[in-house]
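Protein chains in written order, with the numbering used here: chain A, 1 to 901; chain B, 1001 to 1113.
These are calculated hints, taken from the structure and not from any lab test.
Cβ coordinates follow ideal geometry from the N, Cα and C atoms, glycine included.
Careful, some of the hints might be misleading.
Residues from chain B that face chain A, not an exhaustive set, calculated with beta carbons under 7 Å [unchecked claim]:
1) Asn1046
2) Tyr1051
3) His1055
4) Ala1069
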Amino acid sequence: MKLLNWFRFDRLEYGLDRELEYHLDRRVSDLMEEGLSELEAKRRARLEIGGLAQVREEVRDVWLTRWMREFVYDLRFSARSFLRSPSFTAAAVLSLAIGIGATAAIYSFVDQLILHALPVRDPGRLVLIDWKGDPVSTGFGSWNLMSYPICRDLQRHDRLFDGVLCRAATTITLSIDGAAEPTAAEIVSGTYFHVLGVGSVLGRVLGSDDDQPPGESPAVVLSYDFWRSRLAGDPAIVGRNVLVNQYPMTVVGIAAPTFRGVDVGEVPALWIPASMSAYALPGFDDLLDRRTRWMQVLGRLKPDVTAAQAQAALQPWFAAMLVEDMGRPGFPRITPERRQRFLASRLEVTPAPQGHSALRRRLAQPLWVLFAATAVLLGLACLNVAGLFLARGFARDREIKTRLALGASRGRVARQLLADSLVVALAGGLCGLALAPLAMRTLIEFLPHDTAATALHASIDRRLLAFAFAVSVAAGLLSGLAPAIQAGRRSLISSLRERAGSSGGVRLRKAIVAAQIALSLVLVIGAVLFGRTLTGLLAKGPGFDTTSLISFGIEPRRSGYARVDASRLVFRIHDEVRAAPSTTASAIARYPLLAGGAWNNQMTMIADRRIATDREVNMNAVTPGFFSTLGARIVVGRDFDQRDMRAADDSGPRTAIVNEAFVARYLAGRNPLGVLIGVGSGPDVQPNREVIGVVTTFSYRGLREESEQAYFPMLDGGEGVDGAGNFYVKVRGTPEQAIQSIRALVHAADPALPITYVRTVDEQVSRSLNAERMLATLSGGFGALALLLSLVGLCGVMSFVVSQRTREIGIRIALGARGSAAIWLVLRDAAAMIAAGAAIALPCVWVLGRLVESQLFGVTATDPATIVATTGLLATVALGAALVPAYGASTVNPTDALRAE
Amino acid sequence: MPPSRFLIPQGTLDMLILQILSAGPAHGYAVAQRLEQISRAVVQVNQGSLYPALHRLEQKGWLRAEWKASETGRDAKIYSLTRAGRRQLAVEKDSWARLAGAIRLIFNEGGQS
Chain A
1 MKLLNWFRFD
11 RLEYGLDREL
21 EYHLDRRVSD
31 LMEEGLSELE
41 AKRRARLEIG
51 GLAQVREEVR
61 DVWLTRWMRE
71 FVYDLRFSAR
81 SFLRSPSFTA
91 AAVLSLAIGI
101 GATAAIYSFV
111 DQLILHALPV
121 RDPGRLVLID
131 WKGDPVSTGF
141 GSWNLMSYPI
151 CRDLQRHDRL
161 FDGVLCRAAT
171 TITLSIDGAA
181 EPTAAEIVSG
191 TYFHVLGVGS
201 VLGRVLGSDD
211 DQPPGESPAV
221 VLSYDFWRSR
231 LAGDPAIVGR
241 NVLVNQYPMT
251 VVGIAAPTFR
261 GVDVGEVPAL
271 WIPASMSAYA
281 LPGFDDLLDR
291 RTRWMQVLGR
301 LKPDVTAAQA
311 QAALQPWFAA
321 MLVEDMGRPG
331 FPRITPERRQ
341 RFLASRLEVT
351 PAPQGHSALR
361 RRLAQPLWVL
371 FAATAVLLGL
381 ACLNVAGLFL
391 ARGFARDREI
401 KTRLALGASR
411 GRVARQLLAD
421 SLVVALAGGL
431 CGLALAPLAM
441 RTLIEFLPHD
451 TAATALHASI
461 DRRLLAFAFA
471 VSVAAGLLSG
481 LAPAIQAGRR
491 SLISSLRERA
501 GSSGGVRLRK
511 AIVAAQIALS
521 LVLVIGAVLF
531 GRTLTGLLAK
541 GPGFDTTSLI
551 SFGIEPRRSG
561 YARVDASRLV
571 FRIHDEVRAA
581 PSTTASAIAR
591 YPLLAGGAWN
601 NQMTMIADRR
611 IATDREVNMN
621 AVTPGFFSTL
631 GARIVVGRDF
641 DQRDMRAADD
651 SGPRTAIVNE
661 AFVARYLAGR
671 NPLGVLIGVG
681 SGPDVQPNRE
691 VIGVVTTFSY
701 RGLREESEQA
711 YFPMLDGGEG
721 VDGAGNFYVK
731 VRGTPEQAIQ
741 SIRALVHAAD
751 PALPITYVRT
761 VDEQVSRSLN
771 AERMLATLSG
781 GFGALALLLS
791 LVGLCGVMSF
801 VVSQRTREIG
811 IRIALGARGS
821 AAIWLVLRDA
831 AAMIAAGAAI
841 ALPCVWVLGR
851 LVESQLFGVT
861 ATDPATIVAT
871 TGLLATVALG
881 AALVPAYGAS
891 TVNPTDALRA
901 E
Chain B
1001 MPPSRFLIPQ
1011 GTLDMLILQI
1021 LSAGPAHGYA
1031 VAQRLEQISR
1041 AVVQVNQGSL
1051 YPALHRLEQK
1061 GWLRAEWKAS
1071 ETGRDAKIYS
1081 LTRAGRRQLA
1091 VEKDSWARLA
1101 GAIRLIFNEG
1111 GQS
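Starting from the given sequences, assemble the full structure and let the hints guide the process.
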């Protein structure tokens, strides 16, 4: 705790002064009472206490050990001397501010998204329970999906768990006092709040009582943030009814303020019990179905149980359950191989103090890559400051020699130099922290903005402060190490013997510049790779024409429509959109394009024999004209038309369209038309859909993906349409005008029906490239900064070398050497450093490349063209920077140079 | 100054201060006066070492200090014993008694031989 005294030194001094003063005054008055004169009394009092200055010193030694106190003086001395050389200070502080600011900003996200435990009771005991193997079921949602009945089963294992919860994120239409809005919600088991240990600020949270048979507990809990922002913190909301997808449910309470659900990337506004899932997910009635996976299961381990023990202890029960499951009615008929895979399944129990997050899964790798990049940038900034210090060390040679001559130990001088670098680093850290929120806000801009807000924030918290402080101190030590060692090593005698401006230390500075060039080369190559990935994806495009194409979505079933009415409404709006003067074409798809998801399953086809696809096919249901609206060409056969649009109960022939990738993989060399296909891979699948056309391949899930796809006609109220519509509309004029008329049109059809999203497809393309754009932009920025820092370093060292060799150059020129020879002399040095830098960097690129390979597209991590071009460019720029001092060398005036000493 | 006074043994000053303050809170000057009184005959305490000792004990958490009006009405830094200080005093008294006992024992044995 002595460290705290650093910060209140002045107050302590003041207190001690007052205390001693009091002592002396009392002593003097006592002595005067004994009959001494005032003068004599004062003398006696001082004598008794034995030297005030010494007492003060001794008390100060109590506050801080001597070593620390001297270090405080060192820091003060450093601060004063920095204020005297502002340009040096600015350069050093700015270098570190950039490095520390960037590192702190990225770290903040790594921390918030990846490392930070949930703000719940004892998060270290939370585990994620996941199915490994073939679950023989259909799933929807993000990852780690399980069925609700399995969660209920696991809740009975109370010897392993203090409770098990399950949850699924969704979007509902929430109406409060008539205003309907798409709202992020979490469907949870009644155990959810109890397991997490989260309470309410008002009313109650959900409890086991809410795990009722389906439909029997219409209760919701609102999040604190939502309650404050949307309802102005009105306590009267508790006990009132709100409409969830037009179904009335009662608000029973408001959750604790800090709690934002278990997914940092998708913050719900309200929690709905799983028993009400049929209303939260319109049309969903598989809550009790063991073969429908849609929830994540999290458990709280008993204090004395580890995740591995729990996993082992669950296995016997789980194996028996698998066998039991196979005998249950409704278990699909599957092939023997698949049955084997099913029975080999096991449960995996992994620690999950951070909860579950789809965003984390998507961004974790790009964030680590960026974090590594900032670490490299910070290292580079440290090298820069080390170089600056070395240069300054020579300028301070005289001062240091004097100190040594006066008897200062080498350690004492080295400590002074370390204090210097610490002061600079702490100042740099402070400036970096000031820059960090700006960088963090930029970063947040790259994240997708959906209905569910992320809990990520661009503010400086205690953890970030601690991190920045630690990084600053480390940076200070790193950048001060070289100069301090240099000062410690230099012997007094030899340095006194040397002439002013000796060559010692130049080798060290050159090594530093070579390292800087190596680091910046690594960063620039990374930036080029990510830049090429982004431009490559943008240039490739989705494979269809996005000009004047907008898309929007409606979900009437979330507004209380029954299935048939919902799809009737979708088709009515579709007709009106097509008739609107601002549109030229319109089509509907069941699932949106480029939104990351897809409806997928294996398929079975009968050409000359029956085969199942070896991987999942992405499927969609669309209306006639979908492909022409997108500008995708039908290569063979025909598009869907009204003939294909049969009602669900119509038993007429079914049709399908597949893409070229599908044909290339499964029907190569065959006429695809007339082939029968069906969804699923089991022996009971009836391939009864006739392929009537083949369409060009375009992106569905995202731009990187162009795999096998199959399309079915969107049926009126039947399969493939769940009453939701994703519209694709080709517009005349500006998208803004068309969007306005579409809004008016949907509003006229049903004023209470919200549009879930509306945007141009170009915008959708750019949204789908969020992670790539983030990587490209930030690594580009880091690369540019790195380049700048190392060029400044190179230029500085070369100027120094030139100033040292002025005499030599002067003699050469006097003896008849040309100016160009002088330039060559300097450039040769620079070229050697650049070559050394490249020699260090290239193996690093080769190693680091493996780590980023998965983030790249259309270019390999060790792409020779990229590496050669980047290295060449960097070498050219660096030589260009060296030309400035080199030109200075060529204009040396021999007479001046020889006179100068 | 009486000639028979000898310097206070190293490390005992802290114990004496704790002992004095166990009777009740006091400011530095009062502690000095009290030390002077109780040690008048035997021990010589350098007043200069009193303040480092007080600050050391405060740093260790054995004393608590507070600026309060003193008996003269002027604000003084009043020290009082903390719970940890009370425990420490007991420990030191005990070890001192054991040390003194041990030394007496050695002297006695030496006397017999």
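Do the hints match the structure? See the list:
The interface hint given for Asn1046 of chain B holds, since its Cβ lies 6 Å from the closest Cβ of chain A, which is under the 7 Å cut-off. Evaluation of the Tyr1051 of chain B hint against chain A yields a held restraint, the C-beta minimum of about 5 Å falling below 7 Å. The interface hint given for His1055 of chain B is met, as the beta carbon of that residue sits about 4 Å from the closest beta carbon of chain A, less than 7 Å. A distance limit of 7 Å between C-beta atoms decides the matter here; for Ala1069 of chain B the minimum to chain A is near 12 Å, and the interface restraint is violated.
In this structure, the one hint that does not hold is number 4.
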